[in-house]
Amino acid sequence: MAYGRGGFGGYGGGNQMQQLMKQAQKMQEDMQKANEELDEARLVGESAGGAVKVTVNGKKVFMGVNIDPAVIDPDDAEMLEDLITAAFNSAAEKADKLYEEKMGPYAKMGGGLF
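Using the numbering used here, read the sequence shown as starting at 1 and increasing by one per residue.
None of these hints come from the bench; they were simulated from the model. Do not take every clue at face value.
Subject to a maximum C-alpha distance of 30 Å in a straight line, what follows is the list of computed DSSO-like cross-link-like pairs (lysine-lysine) [unchecked claim]:
| hint | residue 1 | residue 2 |
| --- | --- | --- |
| 1 | 97 | 26 |
| 2 | 94 | 59 |
| 3 | 94 | 60 |
| 4 | 94 | 26 |
| 5 | 53 | 97 |
| 6 | 94 | 53 |
| 7 | 102 | 26 |
The following label-pair restraints were derived from C-beta to C-beta distances [what the hints assert, rightly or not]:
| hint | residue 1 | residue 2 | range |
| --- | --- | --- | --- |
| 8 | 35 | 73 | 36 to 42 Å |
| 9 | 104 | 67 | 31 to 37 Å |
| 10 | 75 | 97 | 34 to 40 Å |
| 11 | 96 | 71 | 23 to 29 Å |
| 12 | 36 | 97 | 17 to 23 Å |
| 13 | 72 | 30 | 42 to 48 Å |
| 14 | 20 | 70 | 58 to 64 Å |
Glycine included, every Cβ here is placed at the ideal spot set by N, Cα and C.
Produce the entire structure from the sequences given, and follow the hints as far as they go.
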């Protein structure tokens, strides 16, 4: 098979290949930045009107919990468990939205490679 002038079978030579490499490097840098932003993000989910707050990062890693003592009933631990679960689910939903915002464009590229 005869190759074009650039030696890449008619694909425009090394110049196009260099452009593709630059684009790939930029995409990798952008993805790394988005990943760092997810690590640094703090998302708070609440329940009971803010009496129970759960904090996660953008990757849904649990960062902390804050509970107003007024909602602690020693005779009803199940209620507190439910409030914590609801607050965590709220925070996780926010994290999912942030993840989609930051990483969604990359997930749609490359036929699902990411």
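Under the constraints set out in the numbered hints, which ones does this structure not fulfil?
Per hint list: zero violations.
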